[in-house]
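Engineer: As a plain string of letters, each chain reads:
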Amino acid sequence: DVKVTQSSRYLVKRTGEKVFLECVQDMDHENMFWYRQDPGLGLRLIYFSYDVKMKEKGDIPEGYSVSREKKERFSLILESASTNQTSMYLCASSLEGYQETQYFGPGTRLLVL
Amino acid sequence: GNSVTQMEGPVTLSEEAFLTINCTYTATGYPSLFWYVQYPGEGLQLLLKATKADDKGSNKGFEATYRKETTSFHLEKGSVQVSDSAVYFCALRRNTGKLIFGQGTTLQVKP
Numbered sequence: 258d259v260k261v262t263q264s265s266r267y268l269v270k271r272t273g274e275k276v277f278l279e280c281v282q283d284m285d286h287e288n289m290f291w292y293r294q295d296p297g298l299g300l301r302l303i304y305f306s307y308d309v310k311m312k313e314k315g316d317i318p319e320g321y322s323v324s325r326e327k328k329e330r331f332s333l334i335l336e337s338a339s340t341n342q343t344s345m346y347l348c349a350s351s352l353e354g355y356q357e358t359q360y361f362g363p364g365t366r367l368l369v370l
Numbered sequence: 393g394n395s396v397t398q399m400e401g402p403v404t405l406s407e408e409a410f411l412t413i414n415c416t417y418t419a420t421g422y423p424s425l426f427w428y429v430q431y432p433g434e435g436l437q438l439l440l441k442a443t444k445a446d447d448k449g450s451n452k453g454f455e456a457t458y459r460k461e462t463t464s465f466h467l468e469k470g471s472v473q474v475s476d477s478a479v480y481f482c483a484l485r486r487n488t489g490k491l492i493f494g495q496g497t498t499l500q501v502k503p
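Heads up: the sequence lines are chains B and E, in that order. The first sequence maps to residues 258 to 370 in the working numbering. The second sequence maps to residues 393 to 503 in the working numbering.
You may find that some hints are simply not true.
To be verified - Listed next, the in silico DSS-like pairs over lysine-lysine satisfying Cα-Cα at most 25 angstroms (straight line):
no., chain 1, residue 1, chain 2, residue 2
1, E, K502, E, K460
2, E, K490, B, K328
3, E, K490, B, K312
4, B, K275, B, K312
5, B, K260, E, K490
6, E, K452, B, K260
7, B, K328, B, K310
8, B, K314, E, K460
9, E, K441, B, K260
10, B, K310, E, K452
11, E, K490, B, K327
12, B, K327, B, K260
13, E, K448, E, K469
14, B, K327, B, K275
In short, the hints are calculated from the structure, not lab data.
My request is simple: use the sequences and hints to build the entire structure.
Structural biologist: As structure tokens, this is what we get:
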């Protein structure tokens, strides 16, 4: 069965902290994605990666960076968390190729105080 | 540019009622279209998809038809159950593989 896991379901951080959100998939997928989900805005793509050490900006990359050192793991980094980054963060993965279905993790709800 | 617009929720229905959630899109070319569902406390799951005009996607009693002439992909189900209560997202896939999502529609089904 397809499985995407995220390191935390809930996270509370303070403004200015460095925050790491981890995502792991066990399906040997090439593509991995980070989205944020906000009420009334749906999901918006932050970054994605199509291979180890490869990354590409999505629609809202400002304030975020990513790391993919191993195929199964994709990290989202908030260098200096701000209150407007309070959101639900969803990771997804898919096989290589733009027609493949994306599989989502359960999400991390981040609160920045 | 590409965009997806869904009807605003929440939608509240009684069990066994007929469901329609409207979705329209703006896109260049011929995108693939999707409905994803998010049950409480979970991530998104693919519910159904259609890859070309007039295709009908179906799963778990839900259906949606890709209508190019009206740029729509409305989700329907003939008889909803309490277990269908969730947030439903319409999405299109650009030719780069990236998904664009609508804002989501919350469905609440009461017994």
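Engineer: Each hint should be assessed against the structure and marked as holding or not.
Structural biologist: Verification of the supplied hints:
1. K502(E) <-> K460(E): violated, 34 angstroms
2. K490(E) <-> K328(B): holds, 19 angstroms
3. K490(E) <-> K312(B): Given pair K490(E), K312(B) holds - Cα atoms ~13 angstroms apart, limit 25 angstroms.
4. K275(B) <-> K312(B): Roughly 20 angstroms between the alpha carbons, so the hint for K275(B) and K312(B) holds.
5. K260(B) <-> K490(E): Given that 25 angstroms is the threshold and the Cα spacing comes to 20 angstroms, the pair holds.
6. K452(E) <-> K260(B): holds, 21 angstroms
7. K328(B) <-> K310(B): Satisfied, since the Cα-Cα distance of roughly 9 angstroms is no more than 25 angstroms.
8. K314(B) <-> K460(E): Status violated; Cα separation ~30 angstroms.
9. K441(E) <-> K260(B): holds, 20 angstroms
10. K310(B) <-> K452(E): violated, 39 angstroms
11. K490(E) <-> K327(B): holds, 22 angstroms
12. K327(B) <-> K260(B): Holds, because 16 angstroms separates the two Cα atoms, which is no more than 25 angstroms.
13. K448(E) <-> K469(E): The given pair, whose Cα atoms are some 13 angstroms apart, holds under the 25 angstroms limit.
14. K327(B) <-> K275(B): It holds: about 21 angstroms lies between the C-alpha atoms, which stays within 25 angstroms.
When held up to the earlier numbered hints, the structure conflicts with 1, 8 and 10 and fits the remainder.
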